[in-house]
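Peer 1: As a plain string of letters, each chain reads:
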Amino acid sequence: MSSSSDFNIDQSDIEKLNDKDKTELRQFFANEEQRARIQSQTHELTSICWKKCVASGGTLRSGALDKSEQTCLANCVDRFMDANLATLKRLATMRDQ
Amino acid sequence: MDSDAVKKAIIRQALQTTNSVNARTLMENINRKCFERCVPKPGSSLSSSEETCLTQCMEKYMAAWNQVNLTYIRRIQQEVGNQAI
Chain Y
1 MSSSSDFNID QSDIEKLNDK DKTELRQFFA NEEQRARIQS QTHELTSICW
51 KKCVASGGTL RSGALDKSEQ TCLANCVDRF MDANLATLKR LATMRDQ
Chain S
1 MDSDAVKKAI IRQALQTTNS VNARTLMENI NRKCFERCVP KPGSSLSSSE
51 ETCLTQCMEK YMAAWNQVNL TYIRRIQQEV GNQAI
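From first to last, the protein sequence lines are chains Y and S. Going by full-length UniProt numbering, 23 is the number at position 23 of the first sequence; the sequence numbering is gapless. Going by full-length UniProt numbering, 1 is the number at position 1 of the second sequence; the sequence numbering is gapless.
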């Protein structure tokens, strides 16, 4: 992907970081981790919901989503989350018994 | 390099990595889903209708990804809001 020449950070460079920049980097990586997690979950959900909302049926007609596909995808994500939460809830009651 | 330059180099590299992983995953999924969808019976070459289908499928998959991403983020924000009450 990127050439290694534009990134030659070594231990001695890391030691140059002052406290303010270290704090800033920690915050940056916390955000970046969350962004990566959301993207990865989006890939998973798109794969699941594509199957339910777009993959069935005849021709694709166009490269854009039509209204019913759009609604189906949004419902698919929300119901997936509902199902997820319901499972967690049920597990919690089983543990309490 | 001073502290600021080191910080910026680290951030740039991290963003590049996350973005390229994301793009690669998207491409892999598009290839898999659209091949499944558009080339049910592989012949000796891709027909023009298969190629049209692949193009539309790719555009549609990206639109679906964006729609799912938007809905998912909205839902997470909603759940976080519920917990905060």
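Don't read these hints as lab results, they were simulated from the structure. Please read these numbers as outputs of a predicted model, since none were measured by experiment. Beta carbons are placed, not taken as given, at the ideal position from N, Cα and C, and that holds for glycine. Any given hint might turn out to be false.
Heads up, simulated SDA-like pairs for lysine to any residue below, C-alpha to C-alpha not over 20 Å straight-line [unchecked claim]:
id : chain 1 : residue 1 : chain 2 : residue 2
1  : Y       : K52       : S       : I11
2  : Y       : K20       : S       : M58
3  : Y       : K22       : Y       : I9
4  : Y       : K51       : S       : M58
5  : Y       : K51       : S       : M62
6  : Y       : K20       : Y       : I38
7  : Y       : K20       : S       : I11
8  : S       : K8        : Y       : F28
9  : Y       : K51       : S       : E59
10 : Y       : K20       : S       : R12
11 : Y       : K22       : Y       : N8
12 : Y       : K16       : S       : V6
13 : Y       : K67       : S       : V6
14 : Y       : K51       : S       : K8
Residues of chain Y placed beyond 10 Å of chain S at every Cβ, according to the derived structure [to be verified]:
id : residue
15 : R35
16 : Q39
17 : S62
18 : A83
19 : K89
20 : L91
21 : A92
22 : R95
23 : D96
24 : Q97
Peer 1: When the hints from earlier in the document are held up against this structure, which numbers fail?
Peer 2: 1, 2, 6, 13, 14, 15, 16 and 17
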